[in-house]
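So the protein sequences, as listed, match chains A and B. With the first letter of the first sequence counted as 1, position 85 gets the number 85 in this note's numbering; the numbers rise by one all the way through. With the first letter of the second sequence counted as 1, position 140 gets the number 140 in this note's numbering; the numbers rise by one all the way through.
Keep in mind the hints are simulated off the structure, nothing from the lab. Since the model is a prediction, treat every value here as computed from it, not as a measurement. Fair warning: there could be bad hints in the mix.
What the hints assert, rightly or not - The calculated DSS-like cross-link candidates involving lysine-lysine, where the alpha carbons are at most 27 Å apart (straight line), are:
1. A:K20 x B:K128
2. A:K108 x A:K45
3. B:K2 x B:K68
4. B:K177 x B:K128
5. A:K51 x B:K18
6. B:K18 x A:K24
7. A:K20 x A:K91
8. B:K128 x B:K2
9. B:K18 x B:K2
10. B:K177 x B:K221
11. B:K2 x B:K72
12. B:K18 x A:K20
13. A:K49 x A:K20
14. B:K128 x B:K221
15. B:K45 x B:K68
16. A:K51 x A:K108
17. A:K24 x B:K68
18. B:K17 x A:K20
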Amino acid sequence: MPDDVQVKSMPPEMSQSVAKLRQKFVDQLEQRILALEASLVDFVKSQAKTKPANAICFQCHNISGLASSLGFDEIGAAAAAADCAWGRAIKVNLSPAALTPALETVEKLLELLEDALEP
Amino acid sequence: MKILVVDDEPLFVEFIKKYLDTLGYQDVATAASGIEALRIIDRIKQPFDCFLFDIRMPGLDGIELCQKVRAKSTYAATPILMITSMTEKSYIDRAFLAGANDYITKPIDRAEISARVGMVEALVAERKNTLALLQQLDDPKSKAKETISFEEPISLEEIDCIVPISSLENYLLRLGKLRLFSSSAVGFHVENADLIFAKTERLEFVDVLSEVAVAIKDSLKDSQTLLTYAGSGDFCAVQSRTRRTDPDELEMLINDTILQRLEVVAGSDLSVPRVRVGTPAANGLMSFNDPTHIIFQSIEDARQRKNTKYSASRLRTKGLRDAG
Numbered sequence: 001m002p003d004d005v006q007v008k009s010m011p012p013e014m015s016q017s018v019a020k021l022r023q024k025f026v027d028q029l030e031q032r033i034l035a036l037e038a039s040l041v042d043f044v045k046s047q048a049k050t051k052p053a054n055a056i057c058f059q060c061h062n063i064s065g066l067a068s069s070l071g072f073d074e075i076g077a078a079a080a081a082a083d084c085a086w087g088r089a090i091k092v093n094l095s096p097a098a099l100t101p102a103l104e105t106v107e108k109l110l111e112l113l114e115d116a117l118e119p
Numbered sequence: 001m002k003i004l005v006v007d008d009e010p011l012f013v014e015f016i017k018k019y020l021d022t023l024g025y026q027d028v029a030t031a032a033s034g035i036e037a038l039r040i041i042d043r044i045k046q047p048f049d050c051f052l053f054d055i056r057m058p059g060l061d062g063i064e065l066c067q068k069v070r071a072k073s074t075y076a077a078t079p080i081l082m083i084t085s086m087t088e089k090s091y092i093d094r095a096f097l098a099g100a101n102d103y104i105t106k107p108i109d110r111a112e113i114s115a116r117v118g119m120v121e122a123l124v125a126e127r128k129n130t131l132a133l134l135q136q137l138d139d140p141k142s143k144a145k146e147t148i149s150f151e152e153p154i155s156l157e158e159i160d161c162i163v164p165i166s167s168l169e170n171y172l173l174r175l176g177k178l179r180l181f182s183s184s185a186v187g188f189h190v191e192n193a194d195l196i197f198a199k200t201e202r203l204e205f206v207d208v209l210s211e212v213a214v215a216i217k218d219s220l221k222d223s224q225t226l227l228t229y230a231g232s233g234d235f236c237a238v239q240s241r242t243r244r245t246d247p248d249e250l251e252m253l254i255n256d257t258i259l260q261r262l263e264v265v266a267g268s269d270l271s272v273p274r275v276r277v278g279t280p281a282a283n284g285l286m287s288f289n290d291p292t293h294i295i296f297q298s299i300e301d302a303r304q305r306k307n308t309k310y311s312a313s314r315l316r317t318k319g320l321r322d323a324g
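Kindly generate the complete structure, drawing on both the sequences and the hints.
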């Protein structure tokens with residue numbers, strides 16, 4: 001599991017709790033990856049794209065806050081970047097110029113989440 | 001202290017609960033959405049002492065939830081901390097305008113949550129004192145035992161955009177250098193506040209302060225302004241530095257508004273409050289001053305200013321009109 005520094009610097013009772021939460025985060029990664037991929041498929045297929053775009057944005061936002069608080073800094077940063085990129089894209093009605101970087105950020109996030117699954 | 005944490009990410013809620021537990025806060029309830037939070041709040045017998053709301057949630061977001069909670073009389077002054085990774089100023093401003101007292105940014109760290117929740121405990125104690133005071137004010141028998149002091153920064157909760165001074169201090173402390181640079185503080189001093197305090201019942205004094213607050217708020221014509229009452233007849237408004245505020249013009253406008261609002265109170269022998277407006281105070285970009293010093297600097301400037309000629313003559317003509 002990457003990024004253990006933050007856990008080690010906490011008081012012991014909190015370290016143990018966070019270590020368990022980190023494991024839960026890793027255990028749930030597959031679900032998050034599948035949910036994000038499903039939202040992307042939904043986005044591609046739907047005529048009305050705002051709702052699936054918002055769903056992607058929320059998922060990235062949640063991963064960002066949780067991952068960085070649990071010490072998965074790289075995942076947290078990638079999710080924050082994806083959250084921002086999708087937020088910007090939604091504000092400009094999902095224009096192609098904004099959408100391309102938004103899709104790239106989610107791809108990068110998915111790669112990192114898949115890497116984190118590996119033992 | 002009884003706390004309600006609201007966040008749509010279950011693992012994050014578990015994380016916050018664990019942190020709060022290690023800090024000694026075991027009485028923590030949770031909700032996964034704004035709607036669920038409102039259901040819990042309406043059902044509970046013993047009110048919550050503190051709320052932690054995530055800003056970004058589907059459906060009812062944290063800011064809307066904050067507004068709805070503030071609208072409930074039981075929770076008009078209960079400390080609300082927003083949890084957010086949203087560092088854009090507009091989210092922070094909206095949160096404070098909705099009634100939030102402070103915010104915690106993700107990623108959460110133990111020192112920050114300890115500091116913020118520790119501050120909340122102090123606010124809870126202050127709030128219990130205020131509630132006890134309000135109960136005394138409502139009880140006619142206890143009017144002789146009034147404990148409100150002239151210097152007390154009374155919380156005028158029912159006025160939109162008024163925040164407790166501790167919240168305004170938090171807001172400025174958390175802004176960061178660049179955002180602080182783009183903000184300015186304007187001080188307002190009610191020069192006859194001590195006379196009004198001496199001549200009125202305490203509830204009347206609070207009513208007078210509320211009228212002044214509304215006059216200031218209406219005259220500033222900026223819904224994003226945060227206004228606070230600092231005690232001793234002093235108010236302070238924090239707004240964008242780009243807003244050009246001419247103290248003389250603003251002073252005339254506020255005092256005229258007060259005259260119009262209080263003239264309709266027939267048969268009242270309330271002294272009309274007279275407000276002095278200071279020059280806006282701001283922090284330099286390279287300043288190492290405590291950010292909150294602009295509050296006190298702006299108030300001090302308002303205290304030092306003399307009434308403008310226009311407002312002084314308007315008050316004289318009011319005297320003539322009153323004499324018939």
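Now the hints, each set against the structure:
1. A:K20 x B:K128: violated (38 Å)
2. A:K108 x A:K45: holds (21 Å)
3. B:K2 x B:K68: Given pair B:K2, B:K68 holds - Cα atoms ~19 Å apart, limit 27 Å.
4. B:K177 x B:K128: This hinted pair is violated, its Cα atoms lying about 34 Å apart.
5. A:K51 x B:K18: Violated: A:K51 and B:K18 sit about 33 Å apart, past 27 Å.
6. B:K18 x A:K24: holds (14 Å)
7. A:K20 x A:K91: violated (38 Å)
8. B:K128 x B:K2: Holds, at roughly 14 Å.
9. B:K18 x B:K2: holds (15 Å)
10. B:K177 x B:K221: holds (26 Å)
11. B:K2 x B:K72: holds (17 Å)
12. B:K18 x A:K20: holds (11 Å)
13. A:K49 x A:K20: violated (37 Å)
14. B:K128 x B:K221: violated (33 Å)
15. B:K45 x B:K68: holds (18 Å)
16. A:K51 x A:K108: With Cα atoms ~22 Å apart, A:K51 and A:K108 stay inside 27 Å; holds.
17. A:K24 x B:K68: violated (33 Å)
18. B:K17 x A:K20: Status holds; Cα separation ~14 Å.
In summary, the structure is inconsistent with hints 1, 4, 5, 7, 13, 14, 17 from the numbered list given earlier, while agreeing with the others.
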